[in-house]
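With the hints as a guide, dock the two chains, each given alone in a separate frame, to form the complex.
Listed below, chain by chain, are the residues.
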Amino acid sequence: MVVENNITAEDVWTLLEQVPDPEIPVLSILDLGIVRDIKVDDDLIEIIITPTYSGCPAMDAISMDIKLKLIEHGIKNFKITSVLSPAWTTDWMTEEGKIKLNKYGIAPPKMSSDISDTPPICPQCTSADTKLLSQFGSTACKALYQCNDCKEPFDYFKCH
Amino acid sequence: MDQLINYTLHLADSNLIITQRNAAWCGHGPILEQDIAITNITLDLIGQSRNFYQYAAKLINENNLKLSESQAPSPAEKARNEASEDSLAYLRTEREFKNLLLTEQENGDWAQTIVRQFFYSVYQYFLYEKMQYSKDEQLAGIAAKSLKEVTYHVTWSSEWVIRLGDGTAESKGRIINAVAALWPYTGEMFLVTDYEAAMIAEGIAPDIASLKNDWLKKVNSVFEEATIALPENGFMQTGGKTGVHTEKLGYILSDLQYLQRTYPNATW
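So the protein sequences, as listed, match chains A and B. Here the first sequence is numbered in my numbering, starting from 1 and rising by one per residue. Here the second sequence is numbered in my numbering, starting from 1001 and rising by one per residue.
Everything labelled a hint here was simulated from the structure, so no lab data went into it. Among these hints, one or two may not hold up.
Unchecked claim - No more than 27 Å apart at the CA atoms, straight line, and that leaves these computed lysine-lysine pairs for DSS-like: (1) A:K100 - B:K1148; (2) B:K1130 - A:K158; (3) A:K131 - A:K110; (4) B:K1058 - A:K39; (5) B:K1135 - B:K1058.
To be verified - Beyond 12 Å from chain B on every Cβ pair, some chain A residues (computed): (6) L16; (7) S63; (8) E95; (9) S113; (10) C125.
All C-beta atoms, glycine included, are put in the ideal place defined by N, C-alpha and C.
If we strip away everything but chain B, and leave its shape as in the complex, we get (with noise of 0.2 Å):
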């Protein structure tokens, strides 16, 4: 149980963190299509991660219920210690987090976003392609659901990639630099954790290592007619999905968690 509760999270806590980040364009697109493209396509994404907070929430006062079977807590402890889609998200720590290093990257420039966006995307779909068969049924319904959005988000990401790369001088530099400063966070979305390990072998969570080949094919193929070469494979950082993360990752729970940790259950 704490295994899928982990795994639930870390699917929840990637797509949370990669909403904080894009929402920040919210406002400031290049153009207002773009503007409403990157914050349509976050809102999909808060969605998922709402789902799977949700989820995460059952499950884990399943089975908080199981363990004070014996001594079962009054109505205002129970109240206090409910796990919830808002709780999760807005008061766990740094360390509780289990998000992809990618997703807590900067937004950079326009290139970044769309580069990290890019990555991200077609890494969603090949890991909800195969979970929509999952043996978890709830996991299976976010990621058959999920899928049909994450579609579009690589068309939109795919799209932009070819044409900052296949653009000018300038953009294509631009994409280049990006490519070159997210490529070490790319690793970590293939290294399967012990969680993951657990999930895999009771055939809920898809062989994440085999998404790799995949996932490869699809950037080679965008890069190719978007005229950038693919990274050597370099060293790659990791760390997130176990809670190890980037320094960037405390500023954005500052910013997404000040409200809800200064004026607890506050609501509008």
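Chain A on its own, in the form it takes in the complex (with noise of 0.2 Å):
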């Protein structure tokens, strides 16, 4: 049996595009890194995910969401599979979805090869001089910053 209507791996890659984090809804899973892999078999298409935080409560969410995005456009043979390795960092997140985190007022994280401790940027109002209020901020992936400039407090995507 052939995939339902030749769907390739490149067609599920563009559906997936179109699923944003439960979270952070200015990303898509892909823009996040969590799809590692679509392997299209000849009767079933395999989505690979990998989990961003090991206690993440939107990794159910997005299955869900994978799910029903497929679902909508015919879709039906399909598994969705969950890797732990290799361990998801944010050097996965694209370039693109970094823009996007910082139009939306996080400021991204930085590279992991960066070791400098420089703080992040202020996503408000674009200065350097901001500080740490808490390693922890609103959600697992996020620590809490303010900008000594402008003296608004933001989130930071913490580098993972």
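This is how it looks when you write it as structure tokens:
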């Protein structure tokens, strides 16, 4: 049996671009680097995803959103596999994703190779003079900072 | 196979029990940011524990299937006996839990919760750092992923030990009391049980006895900065890893398991 309507892996990648992260809806799950691979076999599409944080409650919602998106487009024979290794890193976030994140008011993560201890740039006023308020923010993936210039607090997507 | 299941359950149980303890802080943290911090840490720990339980359930089910090959179970029997992350967390008894005694100790004041988390996070750090090279691929994967999260927990809890220790006379007194209360539960972390010995021999578990020096060194360096003394090596309580617990675990489990035991399979 051939996959319905000759769906290719590329078609699925394009569809998944439309699946937003449930907690940071400006990012798609592709921007976040959660989707690791899409395999199209004779009669089955396998979507391989990896969790951001072990306890991230959004992962169940993401699996459900992927399912709904595929079903909406008439794709029925698929399975979603979650893998832990290699462990997700913010280095997999796309450049476009980082720009979107910054515009949304969340400072994007530094690359893990960047070991300098310079704090993130304020996404509101672009000042480099910012300070850490708390290592833990509104979700597992974020820390809370404040800008010393515009005084606005902001979220920083932690380098992970 | 049995020993791998025991070892995986031990890892899962320690995380679940400290999670249940920490979760009681939700809405009660000293300030909003720290309420969020301890609950975020708790979320990481429950996620890790789910990964371990799911793996243990898979091993148990595969093992049972092998044992019953000669006499295949009926679908109903299979459904009833199949292990899952939920059945392992909600339907095992106190004696079956293999968590470290440290993790079941009371929250006490903020200092006691901090010291418990600090001791445990530093232990997890060195454990997972080695376990990411385990010959068991699944455990290696969980360890590598968890290590990133635990690194934050070590930083956060270290900072709090220092803040309280090198703080006021009141905060210092409290952290010293907390260290004295919890110290007797730290020795167990480095004592090798039968299932750990079997796993160490197979290259699946790190040699936990060898983690002790790194653990002590890290704890000592944070204590120095916090201007508090490392306790003398006194009498150490043991038993948690083999199911012999302090009286506290029963109370934790009755809270944790009440709903599933009273209303089996309840969901919401």
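Verification of the hints:
Proximity of A:K100 to B:K1148 is assessed by CA-CA distance (about 25 Å); at most 27 Å being required, the pair is judged to hold. About 24 Å separates the Cα atoms of B:K1130 and A:K158, which keeps this hinted pair within 27 Å; it holds. A distance of roughly 15 Å separates the Cα atoms of A:K131 and A:K110; the hinted pair therefore holds under the 27 Å criterion. Annotation: proposed proximity of B:K1058 to A:K39 holds, straight-line Cα distance about 24 Å (limit 27 Å).
Taking the CA atoms of B:K1135 and B:K1058, the gap is about 18 Å. The hint holds against a cut of 27 Å. No beta-carbon of chain B is positioned within 12 Å of the beta-carbon of A:L16; the least distance is around 22 Å. In this structure A:S63 is separated from chain B by more than 12 Å, as the shortest Cβ-Cβ distance comes to about 14 Å. With 12 Å as the threshold on Cβ separation, the claim that A:E95 sits away from chain B holds: the shortest Cβ distance comes to roughly 22 Å.
The beta carbon of A:S113 is kept farther than 12 Å from every beta carbon of chain B, the shortest such distance being approximately 15 Å. Distance to chain B confirms A:C125 as a non-interface residue, since its nearest Cβ pair spans about 23 Å, more than 12 Å.
Taken one by one, the earlier hints all hold for this structure without exception.
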